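The residues making up each chain are set out below.
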Amino acid sequence: KAGVTQTPRYLIKTRGQQVTLSCSPISGHRSVSWYQQTPGQGLQFLFEYFSETQRNKGNFPGRFSGRQFSNSRSEMNVSTLELGDSALYLCASSLGGFSYGYTFGSGTRLTVV
Amino acid sequence: AQKITQTQPGMFVQEKEAVTLDCTYDTSDPSYGLFWYKQPSSGEMIFLIYQGSYDQQNATEGRYSLNFQKARKSANLVISASQLGDSAMYFCAMRETPGANSKLTFGKGITLSVRP
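Protein chains in written order, with the numbering used here: chain A, 2 to 114; chain B, 577 to 692.
In short, the hints are calculated from the structure, not lab data. Just so we're clear, the structure is a prediction, and the values are computed from it rather than from any experiment. There could be a bad hint or two in this list.
As the list claims (entries may be wrong) - Lysine-lysine pairs mimicking DSSO-like chemistry, simulated, CA-CA at most 27 Å apart:
id: 1; chain 1: B; residue 1: Lys-592; chain 2: B; residue 2: Lys-684
id: 2; chain 1: B; residue 1: Lys-592; chain 2: A; residue 2: Lys-58
id: 3; chain 1: B; residue 1: Lys-684; chain 2: A; residue 2: Lys-58
id: 4; chain 1: B; residue 1: Lys-646; chain 2: B; residue 2: Lys-684
id: 5; chain 1: B; residue 1: Lys-579; chain 2: B; residue 2: Lys-684
id: 6; chain 1: B; residue 1: Lys-579; chain 2: B; residue 2: Lys-649
As the list claims (entries may be wrong) - Ranges between beta-carbon positions, derived for each pair:
id: 7; chain 1: A; residue 1: Thr-21; chain 2: B; residue 2: Ser-617; range: 23 to 33 Å
id: 8; chain 1: B; residue 1: Gln-590; chain 2: A; residue 2: Ser-71; range: 44 to 54 Å
id: 9; chain 1: A; residue 1: Asn-72; chain 2: B; residue 2: Phe-623; range: 16 to 26 Å
id: 10; chain 1: B; residue 1: Ser-618; chain 2: A; residue 2: Gly-43; range: 35 to 45 Å
id: 11; chain 1: A; residue 1: Lys-14; chain 2: B; residue 2: Gly-638; range: 34 to 44 Å
id: 12; chain 1: B; residue 1: Gln-633; chain 2: A; residue 2: Gln-55; range: 11 to 21 Å
id: 13; chain 1: B; residue 1: Lys-592; chain 2: A; residue 2: Phe-61; range: 39 to 49 Å
id: 14; chain 1: B; residue 1: Ile-622; chain 2: A; residue 2: Gln-42; range: 17 to 27 Å
id: 15; chain 1: B; residue 1: Lys-592; chain 2: A; residue 2: Thr-21; range: 44 to 54 Å
id: 16; chain 1: B; residue 1: Lys-579; chain 2: A; residue 2: Gly-85; range: 19 to 29 Å
id: 17; chain 1: A; residue 1: Asn-60; chain 2: B; residue 2: Tyr-630; range: 23 to 33 Å
id: 18; chain 1: B; residue 1: Glu-593; chain 2: A; residue 2: Ser-71; range: 45 to 55 Å
Glycine is no exception: its CB is placed at the ideal position from the N, C-alpha and C atoms.
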């Protein structure tokens, strides 16, 4: 059974550019969540998508957006990159119910220079 | 106020010994779930164990067990017979209220180093 796949694994972008990260959840999982991990702030929730609808959103500026496709694959986009956006971005998939756990991918490490 | 508190800065344990990683939480929601994840240097978050707030017994998964003390709002992870591969960051996380608020709130994490 394939796990959660995140692409790319590493990314270097210039300040002001935009970036799109991709997450393919476990087959059958309808919920995809995104988290940002930095040394200073730790792990912070970005947003969650369930059946193509954003179900929950964290406290991040509008430069951070996401979407989910009909096959449950999700993308997150960060526009006008800032140096502080450098982080490990983790995607987690779940069946979506409260009793179910989350399976995380290996993350995309974004460096903004 | 922090919802998940992990105050141990770094832990060291001898191989084959047991170790306890502390986690306290804060919630007024009667229905919640507690998770422990392991994050090796590769970055992937690996699920270890889950405890629901209404579960009567402490959760166990192989060498991992959770010492759940609801009244004290603590959910400590116990790793028995430590192995060198257990060296990693360990995160405690909580999920409150089913439905719309389905996100995990993480603690700052604890670094565990297993000595041979």
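These are the hints, each one checked on the structure:
no.: 1; hint: B/Lys-592 <-> B/Lys-684; in the structure: 26 Å, holds
no.: 2; hint: B/Lys-592 <-> A/Lys-58; in the structure: 42 Å, violated
no.: 3; hint: B/Lys-684 <-> A/Lys-58; in the structure: 20 Å, holds
no.: 4; hint: B/Lys-646 <-> B/Lys-684; in the structure: 21 Å, holds
no.: 5; hint: B/Lys-579 <-> B/Lys-684; in the structure: 11 Å, holds
no.: 6; hint: B/Lys-579 <-> B/Lys-649; in the structure: 11 Å, holds
no.: 7; hint: A/Thr-21 <-> B/Ser-617: 23 to 33 Å; in the structure: 26 Å, holds
no.: 8; hint: B/Gln-590 <-> A/Ser-71: 44 to 54 Å; in the structure: 52 Å, holds
no.: 9; hint: A/Asn-72 <-> B/Phe-623: 16 to 26 Å; in the structure: 23 Å, holds
no.: 10; hint: B/Ser-618 <-> A/Gly-43: 35 to 45 Å; in the structure: 18 Å, violated
no.: 11; hint: A/Lys-14 <-> B/Gly-638: 34 to 44 Å; in the structure: 40 Å, holds
no.: 12; hint: B/Gln-633 <-> A/Gln-55: 11 to 21 Å; in the structure: 36 Å, violated
no.: 13; hint: B/Lys-592 <-> A/Phe-61: 39 to 49 Å; in the structure: 43 Å, holds
no.: 14; hint: B/Ile-622 <-> A/Gln-42: 17 to 27 Å; in the structure: 21 Å, holds
no.: 15; hint: B/Lys-592 <-> A/Thr-21: 44 to 54 Å; in the structure: 46 Å, holds
no.: 16; hint: B/Lys-579 <-> A/Gly-85: 19 to 29 Å; in the structure: 23 Å, holds
no.: 17; hint: A/Asn-60 <-> B/Tyr-630: 23 to 33 Å; in the structure: 29 Å, holds
no.: 18; hint: B/Glu-593 <-> A/Ser-71: 45 to 55 Å; in the structure: 50 Å, holds
Checked against the numbered hints given earlier, the structure breaks hints 2, 10 and 12 and satisfies all the rest.
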